[in-house]
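Protein chains: 2
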Amino acid sequence: MLPIFIFAPIGSLLSLLFAFFLSKTTKKFDEGTDMMRQIAQAVREGARAYLKRQYRVVVVIFLIVFAVLLILSFCKLLPALVPFIFLTGGFFSALSGFIGMTQATNSSARTANAARTSLNSALRVAFAAGGVMGFVVVGLSLLDLSFWYFLLNWVYRTQPIGERMLIITQTLVCYGMGASFQALFARVGGGIFTKAADVGADLVGKVEANIPEDDPRNPATIADNVGDNVGDVAGMGADLYESYVGSIVAAMALAYAAGLGSKGIILPLILAAAGVLSSVLGTFLVRTKEEASQHALLLAVRKGIWAAGIVMAIVSAVIMKLILPEHFNFYWPILIGLACGVIIGYSTEFFTSDNYRPTRAIAAATKTGPATVILEGISVGMLSIVPPIVFVALAIFAAYYIPGGAARPAYGLFGVAIAAVGMLSTLGITLATDAYGPVADNAGGNAQMANLPAEIRTRTDALDAIGNTTAATGKGFAIGSAALTVLALIAAYRSQIAMAFPDFNFRITNPQVIIGLFLGAMMPFLFCSRTIKAVGRTAGYIVLEVRRQFKEITGLLEGKVRPDYAQTVRLCTVAAQKEMIVPALLVVVVPIATGILLGPNGVIGLLVGALITGFALALMMANSGGAWDNAKKYIEKGNLGGKGSDEHKASVVGDTVGDPFKDTAGPSLNILIKLMSTVSIVFAGFILRFTLFK
Amino acid sequence: MLPIFIFAPIGSLLSLLFAFFLSKTTKKFDEGTDMMRQIAQAVREGARAYLKRQYRVVVVIFLIVFAVLLILSFCKLLPALVPFIFLTGGFFSALSGFIGMTQATNSSARTANAARTSLNSALRVAFAAGGVMGFVVVGLSLLDLSFWYFLLNWVYRTQPIGERMLIITQTLVCYGMGASFQALFARVGGGIFTKAADVGADLVGKVEANIPEDDPRNPATIADNVGDNVGDVAGMGADLYESYVGSIVAAMALAYAAGLGSKGIILPLILAAAGVLSSVLGTFLVRTKEEASQHALLLAVRKGIWAAGIVMAIVSAVIMKLILPEHFNFYWPILIGLACGVIIGYSTEFFTSDNYRPTRAIAAATKTGPATVILEGISVGMLSIVPPIVFVALAIFAAYYIPGGAARPAYGLFGVAIAAVGMLSTLGITLATDAYGPVADNAGGNAQMANLPAEIRTRTDALDAIGNTTAATGKGFAIGSAALTVLALIAAYRSQIAMAFPDFNFRITNPQVIIGLFLGAMMPFLFCSRTIKAVGRTAGYIVLEVRRQFKEITGLLEGKVRPDYAQTVRLCTVAAQKEMIVPALLVVVVPIATGILLGPNGVIGLLVGALITGFALALMMANSGGAWDNAKKYIEKGNLGGKGSDEHKASVVGDTVGDPFKDTAGPSLNILIKLMSTVSIVFAGFILRFTLFK
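Here the protein sequences line up with chains A and B, keeping their order.
Sequential numbering of the first sequence, starting at 1, is according to the UniProt record's numbering.
Sequential numbering of the second sequence, starting at 1, is according to the UniProt record's numbering.
Honestly, the hints are just simulated from the structure, not real lab data.
Some clues are possibly wrong.
Claimed, not checked - Cut-off 30 Å, straight-line C-alpha distance, at most; resulting in silico cross-link-like pairs (DSSO-like, lysine-lysine):
1) K578(A) to K643(B)
2) K637(B) to K649(A)
3) K367(A) to K578(B)
4) K649(A) to K649(B)
5) K578(B) to K560(B)
6) K637(A) to K649(B)
7) K551(A) to K367(B)
8) K643(A) to K289(B)
9) K649(A) to K633(B)
10) K649(B) to K633(A)
11) K27(B) to K643(A)
12) K263(B) to K206(B)
13) K206(A) to K643(B)
14) K367(B) to K643(A)
15) K367(A) to K551(B)
16) K649(A) to K643(B)
17) K649(A) to K27(B)
18) K649(B) to K289(B)
19) K206(A) to K367(B)
20) K649(A) to K206(B)
21) K367(A) to K28(B)
22) K649(B) to K206(A)
23) K633(A) to K367(B)
24) K367(A) to K289(B)
25) K367(A) to K321(B)
26) K367(B) to K367(A)
27) K367(B) to K28(B)
28) K578(A) to K289(A)
29) K27(B) to K289(B)
From a predicted model like this one, the values you see are computed outputs, not experimental measurements.
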């Protein structure tokens, strides 16, 4: 093994240590008044109860899949260690979700309390809490991958280097499936939970009982706050854990296929380690003057991300010169990937921020009622997919051809994979800016419920507003990186099939490919239909439960007695997990059934069809949702009649439609396309054996 | 030339004669009172004014494209007669739109007047009027194709049969581009016009001035009625003219590529002629007892379609036995195509009729306000794409493999193309059921404006309700047939490239193909975004104009003076045409630019990406829209609180969002995917010469 490999575990330890340091930083702050503590405790308990229940379901699913994988590996249809690497993939993803969420729920009261001092202190607590999630995700995945790379090298030490690398990369690619599975439950289940709680709380609380949002008398209000944590912290973390791991292992497999040797194979790991360093340096820059404006705070966050990107650009050039000087051309895809992530972020901001025309146009459409708000929002969402798709297309083009893909396609494919690694390399800090949002949101909820003075709530609102912007760009980033990762996974799948059966041509006019493409295009729509309906159905249960508590618990509406928060959380948890069954089955059964009925041609059609349609639909839903949300906030700032006007009511309709778009259905498509790809890779050998089309 | 070819012109003449006969039938009916005549006259004038203006724009565009094609054919990049066949394709499509619309506008008052006698008489007038459109479309396209086939055979008579057939099929395939171009303006321009007028009329009339729908005091009411004709009659006709022609010429080209000789090449024409016969026989069955119920009327329409399908199934078996007995296996794809059309129709009905659960669920969602109505409708629309996609996939599979596509791919591709021909063969009657809808709708408007007694309006409403059901299934049929046609066109494109450059592999993992697929997936979203916005913008102009007339024309609101209907129509026409510029450019420029920058691999990716995403999105939009519309009507029947309730108001929001979904954006996607395909075929030679990727 190459000595330079040592940088991978070092990077991982750096990441984990830094996460520990950030966590310690937040602990220095106080949780505030008794009331604030109690509320934070309730959210913590709710979130933990949710995770406990979710993990129980996940464990059962994992044991079933583990058994299937064991059988497949006994039948020599999979490398021997795949079932075990699958387990650790799921375990570490779940662990980072748990740590990140614990940290987030520990920090909301602290953030609210810090807001009593200044906006900047509050930002520091919230951002540090988000950073724990970011660096734990990066650290744990890098640790586990390093461990497996080391272990596999040792296990297969007697094999000749070529075959050893083949079996190592094939095993590692299956690592992603464990992370994917766990992400399915975290992201989709969390997404259903969070929006069902939100919608349910609003429908009875705001609309029927006429009490404000986040009012402690509302039995669903804790569930709403829990939802932010399980959906936007644990869910988002699992989603990006998967992308991060997927991009790295796909690049490793493609490095083998491109004949780049063990240097090429460990390159993605080393780049990831460099990304940790860059992110740590960037994080130190996220600070500002004590009484800074909201705009200055946003700039501070931006500065951190930019600095991390620039450091990464420099460090990776050095790494390429050191490790693969004869293939320095692969440096450019890394740079392209980094740039592409930034551009998608800016494009998302343009379409969803009320500083620009699209969101303003939605706000203006409120003058003619809710229908035109919906039409305008959908139109904006549909238009918003153009820049990301064009830039991803350009990135694919450049990443493929600059390293010489025209003459050697395997180089081109590795170029695309390494672009995905580049894009995700600074995940530590980008995920921090993302996970910081729900902490700020919860801090606002805490301040409201604990009856803190209005000016504190104003500060947490300002914090939340920045969080919305960074969350929107983070969502664009998550989708963009998922698309590039899936592309790399599809290429890895193809090269795996090609090694076994070189005569598959994967021609697009082949009927199996075409049928696969049609079915693939269908999947994101089917998946969204299910998840949107799931939110509605679960919200319906919440409504009934909240009504029941209002009726049966005497003194509740007068504020004399506390509602039974835990019961609402429990109900929402059970319902969300139940709604997962069909989507989970779909994601696993469809690629395998397609493989058996239509062969690898059909599978690759399915994956590509789902990728392109899912990418477009996910962007549209995320951006429509974000724009509707901000159009409503724009009106609430006092524009176009302000709060309570007919315009405001019309904008609320848009926001309510947008919530499951952007927080449930849209993000769940990332998981759909990634999990279908990893399932296809893991079951490739099985399908080749049993397919009707060889 | 084979003597059996004579059946093609015979079929065309039969179709035209039958259209003439149907037109005569409607003339026997009276237009009713003076008031009814005047209103019909105003709609007629408005529709004619719209078409005149549209044709003026189309003529300019056609001359430009004609000049470009002339240059290309001088440079030997196109067969010599392509520019001329392009012109006639556009001309005959426009002519059939003009005839169909004239007939429709001539029949609304007659239908309303016949409703004074009985529901059945009204059905007969309206259905005969719709039939004129159906049989004129089929007759003129078959006439023109026969003429060109004959002419080309004569012009190239000195060439050896093989080369002659190649050049004939290559020229004929370009015929579709003329029809496509004209369809773009008719369908998309008409779609923008109709919904802008509708929304504009409602926003000021119903909402602001508080006068009922179709009130003669509303200056936009005539424009609204004109819109039904230009969008749903002329636009739908042009759309299906294009599909009909496209499927036939693509099948002819693929018959050549499959080496089926001149018998195979004329087979699609003969099948189309047989379809005319079947449709005529079916049409005679569309009648019922004088005082039949609404349900009995729907059954009568269904009976006609079923009879036409069964006759077609029998006749085409005979034709196959006579013309290609050694390839009788191609009979099965014809049958599959016929069946697939019926199944898609039923699936559409399930998702959009208030007899079934999905639409009822949308109606139930009104209880929790407009936002849940929108979410439920989108969820229904997304789910509704599953059966059509699965059945189209099955149809492709069977149509490809049954005729032996596994061993000879060219046979499989011809199988898919002939399935499209089979699906569209009975277009005469299916289009009749479709074009009958707007006639019934206009009859209702006429009855309302002419102050006919309430029971007459009830009858025209019943007629309209059947029209809504048939229009919804017709839309599903239009999308399904467009998908199969485009698939055949893509196969024709591929075989054209393969003849010139056999080394293109069109592998789906090729970066050019992948980038093409991403861009292709983007196009339907971009197109929908533009058309939805165009409706909103144009409706805004209407609102201003109607407000102006209400203010400036004294005595208007009191009903003493007539509004200036013509000015509203003029304004709407100009605006709709202006909105066409960008979409028209996109559809032409993107495939050519993709071809130059990415080569034929990129083009085929683009076409396939647009096909699969456009198919899914078009189905979703059409079915969401139809379901919202019928959920509203379900409430208006007195369910869930009935008219005027909060539930009804929520359902109106759904309907308003659904209108541009189902009548503008959704249908325009059919044109998008077909026109991009024909443009790619026509410019294939040009692109091969100038592309950067060979």
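Original post:
Holds or violated: K551(A) with K367(B), Cα cutoff 30 Å?
Top reply: Holds. K551(A) to K367(B) sits at ~21 Å (cutoff 30 Å).
**OP:** Sort out whether K643(B) lies within 30 Å of K649(A), counting only the CA atoms.
**Re:** The given pair, whose Cα atoms are some 22 Å apart, holds under the 30 Å limit.
Original post:
Taking 30 Å as the top limit, are the C-alpha atoms of K367(A) and K289(B) close enough?
Top reply: 50 Å, violated
**OP:** Compare the distance between the alpha carbons of K367(B) and K28(B) with 30 Å, and conclude whether the hinted pair is satisfied.
**Re:** Cα-Cα ~49 Å, so violated.
Original post:
Is the Cα-Cα distance between K367(A) and K578(B) 30 Å or less?
Top reply: It holds: about 25 Å lies between the C-alpha atoms, which stays within 30 Å.
**OP:** Measure nothing beyond the straight line between the CA atoms of K367(A) and K28(B); if it is 30 Å or shorter, mark the hint as holding.
**Re:** Violated, at roughly 49 Å.
**OP:** Verify the proposed pairing of K578(A) with K643(B), using a straight-line Cα cut of 30 Å.
**Re:** 37 Å, violated
Subject >> Proposed proximity, K643(B) with K206(A) (alpha carbon, max 30 Å) >> reply: 26 Å, holds
Subject >> Pair hint K633(A) and K367(B), alpha-carbon separation not exceeding 30 Å >> reply: Roughly 26 Å between the alpha carbons, so the hint for K633(A) and K367(B) holds.
Original post:
Is the Cα-Cα distance between K27(B) and K289(B) 30 Å or less?
Top reply: Distance of about 22 Å is within 30 Å: holds.
Original post:
Are the Cα positions of K27(B) and K643(A) separated by 30 Å at most?
Top reply: 59 Å, violated
**OP:** Below or equal to 30 Å on CA atoms is what counts here, so check K367(A) against K321(B).
**Re:** This hinted pair is violated, its Cα atoms lying about 65 Å apart.
In this structure, the earlier hints numbered 1, 5, 8, 11, 12, 17, 18, 21, 24, 25, 27 and 28 are contradicted, and the remaining ones agree with it.
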